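**Q** In case you want the letters, here they are:
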Amino acid sequence: MKQKSFPLRRFFTPTGVCLFLLILHYTLFLVLPMLIAFVGSFHDWNPLRGTFSFTGFSHYQRLLTNELFWSSLRNTLVFSFVVIAARMILGLVIASALFSGLTRAKNFFRAAFYMPVVTPLVAVSFVWLWLYNPQFGLVNQILGTQINWLYSKSLALPAVMTMTAWKDYGYAVVLYLAGLYTLPKDCYEAARMDGASSWVQFKKITLPLLKPMSLFIFITSLIAYLQAYIQILVMTNGGPGTSTYLSSYLIYDEAFMKYKFGYASAISFAMFLLIGLLTLLSFRVNQRGENA
Amino acid sequence: MKKTMGAVLLAAALLIAGCWGGDAGKTNLKHDSTAEKGLEILGANVQFDPNVLMNNGEPIEVEFWVWDAEEIFRGIADSFSEIYPNVSIKVVSQPWQDYWTKLPLALQNGTGPAMFCIHNSQHENLVNYLQPYDIALEDLKADFSGVEGHVIDGQVYYIDYGMMSGSIFYNKDMWAAAGLNDSDIPKTWDEFASVAQKLTRYDDDGRLIQAGFNYNKDVKSMIIGLNYQKGQMMFDEDLQTLAMDNSITAENFQFLIDLYEEQGVGSKDFGISDGESFGQGQSAMVYKWGWYYNQMLSNYPDVQFGVFAVPTPSRDVPVAYDRYNGESTLGISGTADEASQEVAQAFVRYFMSNDEAMKELCLRYSIFPAKKTLVNDEDVKAHPVMKALAPNVERLVWPGPFPGVIETQMQQIFEDVVFNEMSVEETLEKGNALIVEDMQGSDFVTTERQYKYAKEMNTTR
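Chains A and B supply the protein sequences, listed in that same order.
If you read the first sequence in my numbering, its first letter stands for residue 1, the second for the next number, and so on.
If you read the second sequence in my numbering, its first letter stands for residue 1001, the second for the next number, and so on.
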């Protein structure tokens, strides 16, 4: 019996070629580096010196007992959840204000609020570095204080979080605004006929209907903030001491300052698992809410 | 059909242009057939003889990576190419941040430059990819000081062309406004504190408006030198284990803290970066290394500033004045092809036998020359930083090319003490242990016990 050969013609279609290139791209630039990093996490690995010797689980063991890893993780979680909350609340409030009939020049405001999002983070961080200057920074001039914001153990991280929330809330504004435009008007008409106040309409109709959008913003923000390090690199270098170290900054520090790529890979994988778990958890919570 | 043909032609044109561009440097080169050029042999001991053919006179282009002073190195490369019209040296400037990851990886896979600038803090990542100099050790030792510290199995891969160390930079206008003159230049730290107080200004509300002395963000450069002044070694007797968790370091930390808190000559919250604060006219004195001199001239040309030697604990000659670090000569790739290595070896000889080129670099970075013929050069002697360093050069300690992590961690330790209000002793102990952990697997061996006056120093913690 003649065996059927693979129809090559089917592969050489625009779809086939595009698909192949996409798979190739992701394999080469995503899957393969991840695999190498995973294998590297079990090795004493310094690519600059060409060392790659097996160390078993020692990096993972060190990670579990390393004080700096845990304090960085704690900082990362605080940083992520506070900035996400600020981003979502601000975004929702401003989007609602823009959506309401009270605001004029909507396009102007929409563009203005989105502008910081498209500005490079490095540039924004440098500007805020000056804003926080204890002698001639605008923040102190407005408040009439002489606080050394970025060198205070208790204020440095909140100062970086404030900058990040300011830079990123525009993203939530635009997405919430898009969500608000898609909401069915008849629900609001029915609620108004039943005598529901604006607040009740917002609480009982707007918020529940915006839930998928909120989940999307939450998850994309979580993934982004758990990997945040540029603002730390520019504004505090993890200091004072190590009090503003975030997990991704720790990875950068271990890999590119100390050239301990094996240990940095182990931290990366711990973070990968954490991000995966938190994302899964978010979906589960959302699903449970929908089922209820 | 027309579109397809157009695309094919465009792709072909790009391909040809790409191939053509890659050899552009070589095609302009001439064939050199004259070995005997009648040029003078350069150098006393390390010599460069231009009267030979390079690469048998065949055209060759080699790459040379630098992170700074591109125009100086380009000038040296151009004058080398004038001697050898068949040789083109392509000077490529890479930013410092990328340099130390790109360079070893490029050398590793054979795509790196034939020669490159080196910083000794990256010694461990580079040494496996370096080719030793084909210059006799005796010749190097005859022309340069400090060669011994760079000998590995009887060979050198780079040496120092000069020594960089710290000095006190002061603002001349503030100095005059405080009624100070040259005779007030402090010799001891007590005198220094008193001068700093005179230079400090507060407004009517008691707010600091001018710091007499500022060390913010750069204690790391100062602390090791302060320890050496009191005879405290950096490393244990095994020459590898860091031993900064000692009472002398704690004492020096406290001294710096007291300058701010007790003497009031500055504040941890005033002028967050010492170098910038001095340039902006907020601070009257800073401790900085030689590179800062040129940075001041470039970034703050209007500031009138002077330089004096680092004060010492007493007026007696100290065990040591400070730490120094060597600025390295060029590295030669061990993975480049033979022809490129031949050019690189010749270029290194040319560079090292060329006093003018060496002097230009030393003046650029305010580096005290390691080349013996330059020590008494008039331009070198007239340079303000060199003037401050020259009398003390014999008593500067080189701990060796220690990994950068030590300085970074020392800064973190100090910040933990000053900003995070942690205890000095506890933080030092913890920080030292962390550095020791980070240095595990490192081949670094200190050279501090090769210091001429090492016997006068405290060899234990």
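Since the hints were derived computationally from the structure, they do not count as laboratory data.
Treat the hints loosely; a few may be bogus.
As the list claims (entries may be wrong) - In silico DSS-like pairs for lysine-lysine, Cα to Cα no more than 27 Å straight-line:
hint, chain 1, residue 1, chain 2, residue 2
1, A, LYS258, B, LYS1220
2, B, LYS1037, A, LYS258
3, B, LYS1220, A, LYS153
Keep in mind it's a predicted model, so treat the numbers as computed, not measured.
**Q** Hint by hint, say whether it matches the structure.
**A** Now for the hints, and whether the structure bears them out:
Simply put, LYS258 (chain A) and LYS1220 (chain B) have alpha-carbon atoms about 17 Å apart, close enough for the 27 Å limit, and the pair holds. For the suggested pair LYS1037 (chain B) and LYS258 (chain A), the alpha carbons sit about 49 Å apart, so the restraint of at most 27 Å is broken. A C-alpha spacing of about 20 Å is found between LYS1220 (chain B) and LYS153 (chain A), which places the hinted pair at or below 27 Å, so the restraint holds.
Consistency with the previously given hints fails for number 2 only.
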